[in-house]
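Colleague: Each chain, letter by letter, is given below.
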Amino acid sequence: MAEDFSAKMKRARLVFYAEDVGRIDTILEDFLSASQAKAALLVDKEGHMVTKKGMTKALDSTGLAALVAASFASTREVAKLLGETEFSVLFHQGSSESIHVSLVADRALVVIIFDDRTTIGMVRLHAGQLTKKINAVLEEAAKRKPSEGEKLDGSFEADFEEKMDALFPGSPDSASSNSAGESPAPPAGT
Amino acid sequence: MVQINFAQRRVNCKIVYYGPGRSGKTTNLEKIHENAPGNTTGELVSIATETDRTLYFDFLPLELGKVGGMETKFSLYTVPGQVFYAKTRRLVLQGTDGVVFVADSNPAMMKENLESVEDLVKNLRENGLDIKEIPIVFQWNKRDLAETVPVEEMNAQLNRWNAPSCKSIAIHNEGVFDALKLVAGLVIRKLNREFGRAPAGAQKSAPAQTPPPAPRTAAAPRAQTPPPAPPVAPAASPKPTTAARRRATPPPAPQPTAARPRTAGPQAQVPGTGTTRRPAPAARAPAPPPPPLPPPPPPIEMTEPDSAATPPPARRARRSATQMIQARKEELVSTRPPAPSGPSAAPVGTETERTRPRQVRVRSRGGFPTKVVLISVFVTLGIVALTLAFLVVLKLIPSPL
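If you're matching them up, the sequences are chains V and B in order. When you read off a place in the first sequence, starting at 1, and then add 1389, the result is the number in the numbering used here. When you read off a place in the second sequence, starting at 1, and then add 18, the result is the number in the numbering used here.
With the rest of the complex left out, here is chain V (with noise of 0.2 Å):
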């Protein structure tokens, strides 16, 4: 039954309501202090943020996400090669700042930045812990039904055609069928 969670869980939308983000967040500021590492994120494997905590504000917390997961995915396929199922922590030591990615609840990762203030096998002993309090929020959100409260709102699909018609005006459907493209020109350089 477990093993029917854990790949429930891999393939489950992530929905995280303010209760859930609120523990998770309570769960990374102790954490920090704990470990007294520099950051903590939490990412999902697609490479979406979901929250982060610590020195953040000079870290490009969006790029970091999407290859973080992009690493995590690539590192899943060697260790398939060396016949495991995936490497569960990955390490990348830096001169100064060093990163440590573990996998929690087979859906997301967490990411956390430390430099020479701390060890890495304090933040070791302490991830271990941190994971395992992820792991339950994430466990009951995903076993969770959403309230009825929390959806999105009846104006979001036309909101969101609005807001792309006024950011990149000009349509298909408007466009003639003989288009200038269609004219013979120099081949393209890509």
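You may find that some hints are simply not true.
[Said to hold, decoys possible] The calculated lysine-lysine pairs, modelled on DSS-like cross-linking and capped at a C-alpha distance of 27 Å, are:
#: 1; chain 1: B; residue 1: LYS84; chain 2: V; residue 2: LYS1442
#: 2; chain 1: V; residue 1: LYS1521; chain 2: V; residue 2: LYS1532
#: 3; chain 1: V; residue 1: LYS1446; chain 2: B; residue 2: LYS84
[Claimed, not checked] Partner residues aside, some chain B positions facing chain V, computed with beta carbon under 10 Å:
#: 4; residue: GLN26
#: 5; residue: ALA174
#: 6; residue: GLN175
#: 7; residue: TRP179
Since the hints were derived computationally from the structure, they do not count as laboratory data. Glycine is no exception: its CB is placed at the ideal position from the N, C-alpha and C atoms.
Mind docking chain B on chain V? Use the hints.
Modeller: Coordinates of chain B only, in the frame set by chain V:
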């Protein structure tokens, strides 16, 4: 798949640009990055080879701002198109919400287009996705070539699912935003079906984990038309040649004037660190106080114990016992240590505190040291023995023998 964060009022979607090698996938992202208005795009991250062939993926975040009260963001990815990067393409497709298939209109590339479509179907299936259900748009790129396959034929051969399509000349920024708008609209429509609020008076069941498949024909009207001329931005910034490059965000697009000239000439290197136009959105609604958590366990001290600090009582007791055992051992084999030499040494024949061998001290009741008592006893016995012997010799008392 789409991540919805009701706490922070955020919706994150992932769109992947797929297609054969050199069909224009990276060019699409470059043009979006250069021409998207305001601060809607972040850094364009490209993991590519020295010859600008995509090695892993290109990534561009596109933030649309508030839509229906939710900060909506699209993460745009491209895959490497070369044949031997098949496994990498599967990884990049993981969790995708929409696909733009960029096809090359060159007749010589039709075979590669077909193989790429089959590869897409296979990789989607391996990721648990169905091409019939996922939002997909076909982009017939390079329509400016001298010889192109007619759109109808490309549709017939590649677009077996009757998905929306549009023409494009990505290098000229034509059709790029049309494809983006088409696929984004499909993704949002699908998301709204699953998580949108039910219309007033209609009952709606709880959203399922897997949303129902969208009817392909519903999106078909927005298709099959050539793109209009989009706004023209300033000349494209030169492409860097490093293996992994991060491009700085360009200035906002000016008013459209003349057609853009093709980019040519040497390519400069963009500084290593780009700037993010827009920071990550802060939490829009105050989160309710979290439920009380159990008190965290006390932190485990990992540092070495301070030698100057007072040791715990248990250790002190063990040391004193050890010391006592050691003292008794030393008493059994004790020898007077040699007198220290030097001016600080005590006079010879005297015992100092440091040279006196350790002894187990037994306190007598009278308070006299044991040594003195023993000596006194032996002396007394000796005197008595001598006296008796003297008396025996003098025959004053009979011999006891």
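Colleague: Next step is simple, just say for each hint if it's right about the structure.
Modeller: Each hint, compared with the structure:
1. This hinted pair checks out: LYS84 of chain B and LYS1442 of chain V have alpha carbons roughly 23 Å apart, not beyond 27 Å.
2. Pair hint LYS1521 of chain V plus LYS1532 of chain V holds up; C-alpha atoms about 17 Å apart against a cutoff of 27 Å.
3. Annotation: proposed proximity of LYS1446 of chain V to LYS84 of chain B holds, straight-line Cα distance about 22 Å (limit 27 Å).
4. Here the hint on GLN26 of chain B is kept, as its CB sits about 6 Å from the closest CB of chain V, short of 10 Å.
5. Proximity of ALA174 of chain B to chain V is violated relative to the hint, the smallest CB-CB distance being about 18 Å (cut-off 10 Å).
6. Hint status for GLN175 of chain B relative to chain V: violated, with the closest Cβ pair at about 19 Å, above 10 Å.
7. Given the 10 Å rule on beta carbons, the hint for TRP179 of chain B is violated: about 18 Å separates it from the nearest Cβ of chain V.
In summary, the structure is inconsistent with hints 5, 6 and 7 from the numbered list given earlier, while agreeing with the others.
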